[in-house]
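One line per chain: the protein sequences are A and B, in this order.
Heads up: the first sequence at position 313 corresponds to 313 in the working numbering, and the numbers run straight through without jumps.
Heads up: the second sequence at position 253 corresponds to 705 in the working numbering, and the numbers run straight through without jumps.
Do not rely on the hints blindly, as some may be mistaken.
Listed below are the simulated EDC-like cross-link pairs for lysine to aspartate or glutamate, each with C-alpha atoms no more than 20 Å apart in a straight line [said to hold, decoys possible]:
# : chain 1 : residue 1 : chain 2 : residue 2
1 : B       : LYS533    : A       : GLU35
2 : A       : LYS167    : B       : ASP709
3 : A       : LYS40     : B       : GLU711
4 : B       : LYS683    : A       : GLU35
5 : B       : LYS533    : A       : GLU362
6 : A       : LYS134    : B       : ASP710
Some residues of chain B that are not near chain A, with every Cβ distance over 10 Å (derived) [stated by the list, open to error]:
#  : residue
7  : PHE476
8  : ARG670
9  : THR699
10 : ASP732
11 : ASP741
In silico negatives: residues of chain A with every beta carbon more than 12 Å from chain B [claimed, not checked]:
#  : residue
12 : ILE164
13 : HIS249
14 : LYS390
In short, the hints are calculated from the structure, not lab data.
Think of the CB as a built atom: it goes at the ideal place given N, C-alpha and C, for glycine as much as any other residue.
If you want the building blocks of each chain, they are given just below.
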Amino acid sequence: MQSILTLFFLMFTISYSLKTNAEENAGPTVVAVGEANLDKDKMIIQDPYSQNNLSEAQKRAVLEMTKLLRNDFSFYQKKFYLVEALPNNTLVRPATNFDYWAQKNVHYLVTVAAEKEKGDQIKLTVILDDIKAKKQRSMQTKMSSIATIRKIGHEISDAFYRDIVGKESIFKSKIIFVSDRNSRSPRVVKEVYMMDYDGKNVVQLTSQGGIAISPSMSLDGKSLVYSMISSGEIRKRNHNLYLQDIKSHETKIISQKEGINSGAIFMPTGKSIALTLTMSGNAEIYEMNLENKELRKITNHFASDVDPSVTPDGSLMTFLSDRAGKAMIYTLDPRGEEKEVKRISYVGQFNATPRFSPDGKEIVFSSWLENSFDLFRISSTGDNLVRLTKNFGSNEDPTYSNDGEFIAFTSQRIISRVKAEQNIYIMDRDGDILGAITAGFGNCTSPRWYNF
Amino acid sequence: MKKKWRHKLTIHHNSLLTGFTPPFFYYLKKSTLMHLLVIGCALITGKIIVENHVNLVKKNLQMIEASVQVDMVAMPKYTLKELQNVSTGAPASTPVTPLAENVAPVKEVIKAKEIVQEEEKKSENASIFKVIEKKKHGNFLEKLKQMSSKKVIVKNEKNERPEKNEDQGLNGEKVTALKKLILAGNKQSSGVAIYGSSKDSNLTSFGQYISHIPDRVRPYWRLPSFLMNKKLKCRVRIWLNISGEVTRSEIYETSGDDEYDKRALDAVKSASPFQPLKEDFKDRAMDGDIVLGFPI
């Protein structure tokens, strides 16, 4: 009995020691603070220091370029806030007084100096000072004429942005869109145009005199594909697909199968396109080789499948389908036929125009709610559905910016009892609307955002 | 000891020689005691193993901010901006101090923004955009065509009652506490998980205490854009005194970026003091048992 009790006491002592040891090795308690808030950088872009040997027109152009720099950085309102300084009183840029600006809590100071060069050229020296680091961070020296000064200004903005943030900006990007400004009642004419991301520098790309829809450009910016409704009896009108060389303006029909040849997008390789065809009696999405015009089915379902959008690496495609009985958003692997089809949206009366973000992780789309379309965002795996627009007219046709931080879209606003106008607006990816980039240019629709 | 064993052996030997068998209950008693001993050892060993496992799990899961998945059953009624603006009690952002002297606030906002704001005001009282064609039961492409060929219709304003502001209730009052509650219920956010057991009340109390710390620190946790995109993380260990003040803080796990680590330390110092410590867990907080994850 004594030996049994001794053994029991020994076991108890060992177990208690182990328990105490386990408690001591549990370690400290970790608690998550969560994601940080963005600290906006205060930035001043001073009025330019222009030499007297510049003409008045050149001085005005340099001032406009300075305003363009301010406008560019003001788009990134979550990262920067621009403060205006009084015009300077000297012709020559003085040395930066870092202590003075540091007292004002300025983080970045941009100064522009311009002097006349040979002919009509202007030599621009633009300096970015890091006030907190008390040193010059970057300098851009460019030669420009009055005609090219906007383009140079965007390049300078982009270079400074990359230097500060470490990634590409939207400043050099372009947006193509469709406008009916050439319409003369009752004849409707829609052509494709291109503009800078801020709505300036609009250039007409097509001159068919017809109704162009669903434009899309290749990633190298050399080719444009769009559909156009053929003329003739309404019942017999076909949606033909056109391919245009941007440089030479040479245009040719690449698909005129019976019915719809529309919604074309370039695949990442640039050698083929994905498009919707109804030649089989049902809308399906095909891949077409641009060289030999060979078709390969991507979808093959008795329901209608339309409106493809593909990720930059070509591994995932999103499209619209009513295979569930209502227009819903799906994804699949476009490298096969009906490969890994997955339903993404489960709610909404009518969902439309799904578009991938540049990283392929999000899809923005429009959905019909009661009286109008609004824009929503969902992850490419089908979760985290959020609403982006509300009480802002009817909003459709979204497209992400090249950096994924902005979305351009078409918004329809009421002008009068019998007229509504469509313009292209920009918002950030969380739904904060910056404003319209088109105005007084007819009804502007179908924006597509590129950075060539 | 040897004598005892010899005595027992002798009894057994004698029983074999003499044919005398010890009573049944003698062996039953010994057997029962041995079985109880074995069972007791097994229970103690099992308890130790389980407790070690539970402690390990608790250590890994004691991040007092658990994610909560919200299943959508309808299209969201409120926009992301509306949900983000629901007051959580924490200050939204640090106020911007306007520059003095010769600097004025920027005026060069995008021009169209002013037009948008004016249009928004007009549309509040304007008629609603409406489709005049009824949706036909037809094929999908017909529906697409219908959706793209919408016509604008304006309601007869004479017959229309003025629309009530969405913010006004039945009595025309402004945003009520009920609406704020509804907004808060629609908000997608991380939840709060408190771990504890009925046996370990100290942990529950401690868990409740440390769950308030992130809300205090987060308003001061700010990063410039060039650090936001790098997806860094660091951890800061803190020591508190009985009043809840941070007496000491140090980097527990570095992010690899000095600026990032410095901003995390600054956020902790700015947020101090926290709530006063309670008796049942003050030792843990004073011994540096709290580690803050930036962000996790």
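Holds or violated: B/LYS533 with A/GLU35, Cα cutoff 20 Å? 17 Å, holds
Minimum Cβ distance from B/ASP732 to chain A greater than 10 Å, as the annotation requires: 15 Å, holds
Is the straight-line distance between the alpha-carbon of B/LYS533 and that of A/GLU362 20 Å or less? 18 Å, holds
Report holds if the minimum CB distance from B/ASP741 to chain A is greater than 10 Å, and violated otherwise. 5 Å, violated
In terms of Cβ atoms, is chain A entirely out of 10 Å range of B/THR699? At roughly 16 Å from the nearest Cβ of chain A, B/THR699 sits farther out than 10 Å, so the non-interface label holds.
Given pair status - B/ASP709, A/LYS167, alpha carbons within 20 Å: Satisfied, since the Cα-Cα distance of roughly 18 Å is no more than 20 Å.
According to the definition I'm using, a residue is off the interface if its beta carbon is farther than 10 Å from all beta carbons of the partner; does B/ARG670 meet that for chain A? 6 Å, violated
Take the C-alpha atoms of A/LYS40 and B/GLU711, compute the straight-line distance between them, and say whether it is at most 20 Å. 16 Å, holds
Take a quick look at A/HIS249 and tell me if its Cβ sits farther than 12 Å from every Cβ on chain B, holds or violated. Fine: 28 Å to the nearest Cβ keeps A/HIS249 off the interface.
No chain B beta carbon within 12 Å of A/ILE164's: It is violated; A/ILE164 is separated from chain B by about 6 Å at its closest Cβ, not greater than 12 Å.
Just double-check A/LYS390 for me: nearest Cβ-Cβ distance to chain B has to come out over 12 Å. 5 Å, violated
Do the alpha carbons of B/LYS683 and A/GLU35 lie within 20 Å of each other, as the hint requires? Holds: B/LYS683 and A/GLU35 sit about 10 Å apart, inside 20 Å.
When the structure is compared with the earlier hints, violations turn up for hints 8, 11, 12 and 14 and for no others.
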